[in-house]
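Enquirer: Sequence:
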Amino acid sequence: MRRSLAHASRSAILAATTPVRPVTIAAGIDYQLGPNVTDLLVTGGEGIARRSVITGNALSNTITGSLADEIILGRGGNDTLVGGGGRDRLYGGQGNDTMVGGDRADRLFGGDGNDVLVGGGGNDLLSGGSGNDVLAGGAGRNTLIGGAGDDVFSSSGPARVKGGTGSDHFQNGTAGGWRFIYTSAADSTPDARDVFDNFRAYDAAHPRAHDVIDLSAMDADTTQAGMQHFSLVGGSSGKAGELWYIRGAIGGDADYYEFSWIMGDVDGDGKADLEIRLPTIISEENLIL
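The sequence shown begins at 1 in the working numbering and counts up by one.
It is possible that some hints are incorrect.
Now the in silico label distances, taken between C-beta atoms and shown as ranges [what the hints assert, rightly or not]:
1) S237 <-> A148: 32 to 40 Å
2) L232 <-> A49: 48 to 56 Å
3) R51 <-> G238: 19 to 27 Å
4) A225 <-> I281: 33 to 41 Å
5) P279 <-> R50: 47 to 55 Å
6) S156 <-> V233: 34 to 42 Å
7) G76 <-> Y257: 27 to 35 Å
8) A49 <-> T24: 19 to 27 Å
9) A254 <-> G121: 33 to 41 Å
10) A49 <-> H229: 22 to 30 Å
11) S156 <-> A249: 40 to 48 Å
12) A148 <-> I250: 26 to 34 Å
13) A186 <-> G76: 46 to 54 Å
14) S167 <-> G235: 20 to 28 Å
Worth flagging that the hints you see were computed from the coordinates, not collected in a lab.
Just so you know, even glycine gets a beta-carbon here, dropped at the ideal spot from N, CA and C.
The whole structure should be built from the sequences, with the hints applied where relevant.
Expert: See below:
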């Protein structure tokens with residue numbers, strides 16, 4: 001059965017007594033899915049300036065937006081939210097949700113659960129929330145925020161990435177331009193290190209193409225009040241606020257592997273609280289302290 005609501009009201013609530021799928025509405029209408037509706041398609045939208053609000057229910061919904069700007073709230077269930085062609089905001093809510101942005105600048109928020117967030121061609125913001133999330137940026141300049149859990153990140157274009165706690169996996173390519181932001185030593189510890197597929201070292205011939213590890217927002221000395229920054233040293237002397245790194249290579253021929261191991265002590269016990277291992281030889285230009 002297909003139901004259609006074109007221009008009945010600015011705010012429409014469907015209260016069906018039997019399961020209905022899919023429902024089709026015109027763009028520009030606020031809409032809340034009734035308790036028995038699972039699928040919604042928003043059509044049209046070209047030239048509509050008003051941002052409408054589409055709200056799901058406790059079921060596993062599939063909601064597809066239009067060419068207009070929309071706010072889509074998944075609520076409960078394992079939802080699939082597709083933004084369409086506008087500048088959309090998608091909120092997964094509870095459950096393991098899948099969200100897909102369009103070609104413009106979209107904002108996707110996973111919420112609870114293990115979510116999949118996929119950006120489009122614009123400069124997107126993808127925020128996973130709690131759970132083990134997958135965040136895949138598109139061709140724009142993207143911001144990816146993992147939150148708690150073991151998250152997986154990728155992006156076709158350059159990205160600002162904040163993995164958060166957990167052992168995160170960065171499937172970044174070799175083009176460079178990524179900024180990895182760490183705000184706590186708990187973001188990558190000796191027991192739960194982040195994993196990097198690639199990391200572009202600084203090259204004087206291409207001074208803006210390298211990746212960077214940004215530690216400037218981290219309190220590097222928890223033994224003092226206020227915000228302290230790291231000091232780069234040759235090796236640990238047992239003082240809080242020290243950052244050092246080891247560079248090397250192992251193997252040979254086909255299994256040759258270069259690495260850099262970044263370590264930081266924030267409590268002054270002489271041991272690394274922060275630990276980041278990169279698959280290349282870095283220099284100071286790859287660090288922001």
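Enquirer: So, for every hint listed, does it hold in this structure?
Expert: Hints, verified against the model:
Checking the proposed 32 to 40 Å range against S237 and A148 shows it holds: the Cβ atoms sit about 33 Å from each other. In this structure the hint that L232 and A49 lie 48 to 56 Å apart at CB holds, the actual value being about 51 Å. Between R51 and G238 the C-beta distance comes to about 55 Å, which lies outside the given range of 19 to 27 Å. In this structure, A225 and I281 meet the distance hint of 33 to 41 Å, their C-beta atoms being roughly 37 Å apart.
Roughly 48 Å separates the CB atoms of P279 and R50, a value that falls within the hinted 47 to 55 Å. At roughly 37 Å, the beta carbons of S156 and V233 sit within the given window of 34 to 42 Å. At roughly 46 Å, the beta carbons of G76 and Y257 sit outside the given window of 27 to 35 Å. Checked against the hint of 19 to 27 Å, the C-beta distance between A49 and T24 comes to roughly 22 Å, which is consistent with it.
Distance hint check for A254 and G121: the Cβ-Cβ separation is about 38 Å, which falls inside the suggested range of 33 to 41 Å. Checking the proposed 22 to 30 Å range against A49 and H229 shows it is violated: the Cβ atoms sit about 45 Å from each other. Roughly 30 Å separates the CB atoms of S156 and A249, a value that falls outside the hinted 40 to 48 Å. As the Cβ distance of A148 to I250 is approximately 33 Å, the hint placing it in 26 to 34 Å holds.
Separated by about 30 Å at the C-beta atoms, A186 and G76 break the suggested range of 46 to 54 Å. Our hint of 20 to 28 Å for S167 and G235 holds, since their Cβ atoms are close to 26 Å apart.
Violated hints for the displayed structure, listed by number in ascending order: 3, 7, 10, 11 and 13.
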